[in-house]
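Line by line, the protein sequences give chains A and B.
Residues in the first sequence are numbered from 1 upward in steps of one, following the working numbering.
Residues in the second sequence are numbered from 1 upward in steps of one, following the working numbering.
Keep in mind that the hints were calculated from the coordinates and are not lab data.
Be aware that one or more of the hints could be misleading.
Lysine to aspartate or glutamate pairs mimicking EDC-like chemistry, simulated, CA-CA at most 20 Å apart [as the list claims (entries may be wrong)]:
| id | chain 1 | residue 1 | chain 2 | residue 2 |
| --- | --- | --- | --- | --- |
| 1 | A | K65 | A | D42 |
| 2 | A | K65 | A | D43 |
| 3 | A | K65 | A | E40 |
| 4 | B | K65 | B | E40 |
| 5 | A | K65 | B | D94 |
| 6 | B | K65 | B | D42 |
| 7 | A | K65 | B | D92 |
| 8 | B | K65 | B | E76 |
| 9 | B | K65 | B | D94 |
| 10 | A | K65 | A | E76 |
| 11 | B | K65 | A | D92 |
| 12 | B | K65 | A | D94 |
Protein chains: 2
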Amino acid sequence: MTTTDIEDIARRAQEAHAAYSRTAPEARARALTAVAEALEADDQVVTIAQAETGLSEARLAGEIKRTAYQLRAFAETVRDGGYLDVRIDTADPDFPLGPRPDVRRCLLPAGPVLNFAASNFPFAFSVLGGDTAAALAAGCAVVVKAHPGHPQLSDRCASLASRALTDAGMPAATIQLVHGQDEGVELLRHPVIRVATFTGSVRGGRALADVAASRPDPIPFFGELGSVNPVVVTAGALRERAEEIVSGYVTSVSGSAGQLCTKPGFLFVPVGHGLGDALRAAAEQVAEHRLLNPAVSHGYQQRRDDVLGAGVDVVAEGAVRVDEDQNAWATPTLVRVTLDELIAGRDRLLDESFGPLSVVVEYDDLGGLLPQLAQLFPGNLTATVHCATDEISDPQVGALVQLFAQHAGRVLIGGWPTGVAVTAAMQHGGPWPATTNDTGTSVGSAAITRLLRPVAFQSAPQELLPEPLRDDNPWGVPQRRNAV
Amino acid sequence: MTTTDIEDIARRAQEAHAAYSRTAPEARARALTAVAEALEADDQVVTIAQAETGLSEARLAGEIKRTAYQLRAFAETVRDGGYLDVRIDTADPDFPLGPRPDVRRCLLPAGPVLNFAASNFPFAFSVLGGDTAAALAAGCAVVVKAHPGHPQLSDRCASLASRALTDAGMPAATIQLVHGQDEGVELLRHPVIRVATFTGSVRGGRALADVAASRPDPIPFFGELGSVNPVVVTAGALRERAEEIVSGYVTSVSGSAGQLCTKPGFLFVPVGHGLGDALRAAAEQVAEHRLLNPAVSHGYQQRRDDVLGAGVDVVAEGAVRVDEDQNAWATPTLVRVTLDELIAGRDRLLDESFGPLSVVVEYDDLGGLLPQLAQLFPGNLTATVHCATDEISDPQVGALVQLFAQHAGRVLIGGWPTGVAVTAAMQHGGPWPATTNDTGTSVGSAAITRLLRPVAFQSAPQELLPEPLRDDNPWGVPQRRNAV
Numbered sequence: 001m002t003t004t005d006i007e008d009i010a011r012r013a014q015e016a017h018a019a020y021s022r023t024a025p026e027a028r029a030r031a032l033t034a035v036a037e038a039l040e041a042d043d044q045v046v047t048i049a050q051a052e053t054g055l056s057e058a059r060l061a062g063e064i065k066r067t068a069y070q071l072r073a074f075a076e077t078v079r080d081g082g083y084l085d086v087r088i089d090t091a092d093p094d095f096p097l098g099p100r101p102d103v104r105r106c107l108l109p110a111g112p113v114l115n116f117a118a119s120n121f122p123f124a125f126s127v128l129g130g131d132t133a134a135a136l137a138a139g140c141a142v143v144v145k146a147h148p149g150h151p152q153l154s155d156r157c158a159s160l161a162s163r164a165l166t167d168a169g170m171p172a173a174t175i176q177l178v179h180g181q182d183e184g185v186e187l188l189r190h191p192v193i194r195v196a197t198f199t200g201s202v203r204g205g206r207a208l209a210d211v212a213a214s215r216p217d218p219i220p221f222f223g224e225l226g227s228v229n230p231v232v233v234t235a236g237a238l239r240e241r242a243e244e245i246v247s248g249y250v251t252s253v254s255g256s257a258g259q260l261c262t263k264p265g266f267l268f269v270p271v272g273h274g275l276g277d278a279l280r281a282a283a284e285q286v287a288e289h290r291l292l293n294p295a296v297s298h299g300y301q302q303r304r305d306d307v308l309g310a311g312v313d314v315v316a317e318g319a320v321r322v323d324e325d326q327n328a329w330a331t332p333t334l335v336r337v338t339l340d341e342l343i344a345g346r347d348r349l350l351d352e353s354f355g356p357l358s359v360v361v362e363y364d365d366l367g368g369l370l371p372q373l374a375q376l377f378p379g380n381l382t383a384t385v386h387c388a389t390d391e392i393s394d395p396q397v398g399a400l401v402q403l404f405a406q407h408a409g410r411v412l413i414g415g416w417p418t419g420v421a422v423t424a425a426m427q428h429g430g431p432w433p434a435t436t437n438d439t440g441t442s443v444g445s446a447a448i449t450r451l452l453r454p455v456a457f458q459s460a461p462q463e464l465l466p467e468p469l470r471d472d473n474p475w476g477v478p479q480r481r482n483a484v
Numbered sequence: 001m002t003t004t005d006i007e008d009i010a011r012r013a014q015e016a017h018a019a020y021s022r023t024a025p026e027a028r029a030r031a032l033t034a035v036a037e038a039l040e041a042d043d044q045v046v047t048i049a050q051a052e053t054g055l056s057e058a059r060l061a062g063e064i065k066r067t068a069y070q071l072r073a074f075a076e077t078v079r080d081g082g083y084l085d086v087r088i089d090t091a092d093p094d095f096p097l098g099p100r101p102d103v104r105r106c107l108l109p110a111g112p113v114l115n116f117a118a119s120n121f122p123f124a125f126s127v128l129g130g131d132t133a134a135a136l137a138a139g140c141a142v143v144v145k146a147h148p149g150h151p152q153l154s155d156r157c158a159s160l161a162s163r164a165l166t167d168a169g170m171p172a173a174t175i176q177l178v179h180g181q182d183e184g185v186e187l188l189r190h191p192v193i194r195v196a197t198f199t200g201s202v203r204g205g206r207a208l209a210d211v212a213a214s215r216p217d218p219i220p221f222f223g224e225l226g227s228v229n230p231v232v233v234t235a236g237a238l239r240e241r242a243e244e245i246v247s248g249y250v251t252s253v254s255g256s257a258g259q260l261c262t263k264p265g266f267l268f269v270p271v272g273h274g275l276g277d278a279l280r281a282a283a284e285q286v287a288e289h290r291l292l293n294p295a296v297s298h299g300y301q302q303r304r305d306d307v308l309g310a311g312v313d314v315v316a317e318g319a320v321r322v323d324e325d326q327n328a329w330a331t332p333t334l335v336r337v338t339l340d341e342l343i344a345g346r347d348r349l350l351d352e353s354f355g356p357l358s359v360v361v362e363y364d365d366l367g368g369l370l371p372q373l374a375q376l377f378p379g380n381l382t383a384t385v386h387c388a389t390d391e392i393s394d395p396q397v398g399a400l401v402q403l404f405a406q407h408a409g410r411v412l413i414g415g416w417p418t419g420v421a422v423t424a425a426m427q428h429g430g431p432w433p434a435t436t437n438d439t440g441t442s443v444g445s446a447a448i449t450r451l452l453r454p455v456a457f458q459s460a461p462q463e464l465l466p467e468p469l470r471d472d473n474p475w476g477v478p479q480r481r482n483a484v
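Sequences and hints are given; from them, build the entire structure.
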């Protein structure tokens with residue numbers, strides 16, 4: 001793709017944005033719904049996705065359901081209008097600091113968005129995934145940089161969406177697709193692009209975040225990068241439900257072959273837990289699962305060799321088998337270290353393993369573990385505490401939850417971090433290196449805020465105000481008048 | 001100051017933050033009010049500020065009133081609790097994507113904040129200014145990097161605030177002060193600092209933004225940098241109220257000797273406006289005003305020489321006089337160019353002039369001006385339109401307002417951009433180079449959001465939830481349950 005092509009894409013994005021950003025909520029909501037319907041109606045996408053990613057038909061069908069739900073949920077967010085954060089402060093001649101003019105503020109579409117798609121969710125975090133849905137909901141034209149792991153699926157999804165948007169009366173270039181890393185970087189530097197989103201590796205995300213920050217005009221870059229999702233199991237929880245914890249853990253580690261950003265990478269259990277045999281047995285019952293693509297497979301094998309060579313105890317060795325088509329198939333690998341060994345080997349052991357590998361860490365007591373956790377895990381998408389019912393009031397458990405709340409975006413009490421609910425209260429993001437910018441979420445309706453910017457209008461006659469700020473409130477959005 | 005001192009400051013900030021961030025709203029609101037009262041009660045600050053900045057007693061007294069109001073307004077924001085954006089999604093066994101757990105999300109204090117103070121508002125944008133008030137309201141400990149233009153005032157403000165906070169039961173290190181550029185940069189790199197705020201020049205702000213972005217763990221940096229605040233006057237507005245526009249413009253340009261980030265730097269008027277004599281007469285009536293300090297004075301004189309040497313017509317020459325104490329005193333300088341001359345001379349003419357200089361630009365017609373404005377003024381804090389009452393429905397005026405809304409944080413219809421109302425709907429921020437990050441505001445209650453980060457709790461028993469997320473809602477904050 002030439003620089004001229006990139007210029008064309010940018011120009012089309014700008015033109016599409018100018019029209020799309022002014023659409024009324026109902027029209028925009030219908031357009032989102034039309035994209036959801038088009039995705040559900042397509043009879044090819046599952047087959048193409050299976051071939052390109054190795055994910056199972058059931059998983060992909062579920063992912064399409066989730067992706068369509070997400071688009072429809074954002075349609076409701078658009079209809080509701082609360083996300084606009086409308087504030088209307090009427091003129092006040094008696095304001096304590098002198099007469100105050102009429103000032104009205106809301107969030108407006110930030111401008112064309114560039115979305116770098118992920119490999120591991122070919123629907124939910126790719127061309128039609130959460131970042132695209134959020135951008136479309138916000139009223140922004142979006143350019144998606146396709147993930148090289150599923151190029152045909154990306155093309156098909158982009159064209160079905162573009163067609164659905166056109167049929168719904170929106171500009172065709174409201175969504176566009178580019179392939180190629182250089183093309184993505186060139187667009188990220190383009191003045192037309194006002195916000196970028198990304199889901200992927202720490203290395204890739206950091207490089208792109210640096211590009212965004214070093215532009216002549218820096219732009220916000222929301223990258224969802226690496227997370228190892230620590231889980232702490234107390235002695236009480238083990239006494240209460242060891243079997244359930246073993247099975248939940250192994251299921252969460254091995255689902256989608258461990259290629260999930262919320263996979264529990266570290267399970268902390270008290271010394272003397274006696275779970276070794278149960279963990280091995282559970283891991284050995286997991287059927288082998290194909291890894292996404294050769295790059296993921298290569299990275300996982302290298303990472304697994306590193307961990308196995310780091311002086312750890314092997315709980316379940318697992319395997320990686322390469323088939324005649326050069327696809328790799330993996331079964332879970334579980335290893336065990338003490339807390340002291342983890343601290344000593346942190347440079348080798350603490351990285352994310354993108355695949356079905358997880359580390360069981362044995363600790364002496366919660367009091368000794370707590371101060372180490374903040375050092376070992378400065379930023380994660382999730383952090384989980386498993387405690388017994390009668391430990392909920394234990395001050396150490398309370399301290400653990402407070403500590404995790406400072407170092408993760410989502411804190412779970414019981415349950416497992418994989419399976420991220422698409423809902424208004426979800427937070428999918430966290431301190432570095434979980435994200436490049438932990439003021440946003442990339443799952444749930446709050447994700448829309450990243451694609452908006454605030455603008456205030458002072459002393460404007462009604463005719464010159466955007467609809468959400470008008471007294472007659474033609475869109476029926478929530479308006480806060482003279483709030484604090 | 002040694003590295004050990006910096007480490008001590010960081011450690012104290014972290015300890016203070018740990019305690020302060022858990023305070024209940026009422027206690028925090030009282031602490032903010034106590035700081036406001038301590039500032040108002042101090043009998044030395046005006047005298048010190050006058051000597052250090054040259055600003056008038058009346059202006060400084062007004063600024064103290066504004067600063068105290070701001071602290072009290074944030075106390076009300078804290079009491080209200082709406083800023084926490086509480087979302088509670090209760091468990092739903094029938095959720096379309098499978099059973100949904102209980103998920104609750106709110107904004108929590110981001111961590112210790114570093115605030116780089118400005119020179120031109122020794123109260124309202126300095127040690128006890130908006131960024132500090134917002135950080136304290138958010139529940140964050142704050143370290144202020146003092147502006148070298150008013151070191152004694154900074155010391156006095158920091159110690160009166162620290163005393164007031166201690167008396168209100170808060171940790172003394174909830175607010176700390178450092179002097180020195182190197183010290184500021186060292187702290188900006190320190191892992192304890194989680195967010196930084198800044199008000200100042202484009203060059204200084206960009207350098208610090210780059211430091212924040214290049215940390216091993218990048219942090220959000222909210223810099224309010226340069227703005228030239230274009231004002232477009234239509235032919236109709238001139239017919240309606242030329243005299244009022246001339247006097248409003250000159251007052252806005254010359255107030256506080258033009259050392260305001262919202263000073264109108266460019267006034268667009270139709271050719272044949274005939275305002276020359278009136279503008280000169282109004283400018284010549286303005287008494288000379290001291291510039292803040294030798295650095296500002298030097299920068300302003302250089303900038304004024306550059307503009308006067310750029311082939312412009314002089315409307316009112318003004319002057320800069322240096323007194324026996326090396327303080328510079330200025331009267332307004334107004335120059336005139338055509339739109340074509342501005343475009344041709346953009347590299348020399350478009351920079352911000354930090355002092356009482358403004359450029360009158362003559363344009364032929366709105367239709368020709370509009371496409372140029374977006375190129376000339378990509379990002380500003382404010383943009384103003386003066387039109388006649390019967391032009392409000394003119395499509396070109398509508399297009400101008402829409403264009404300005406894309407390139408400025410605040411759009412005014414009539415009036416002048418100086419004098420920023422402290423209110424919930426205010427937006428003080430805008431696209432680069434107005435700010436490094438235009439998702440936030442540094443004036444008004446929405447400023448608190450920059451100092452918070454979202455955290456979700458999943459399946460947490462009531463005892464382990466932070467107060468805002470509990471069903472019994474002990475702080476009485478607004479809670480949105482099962483919202484879209």
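Hints breached by this structure
Violated: hint 9 alone.
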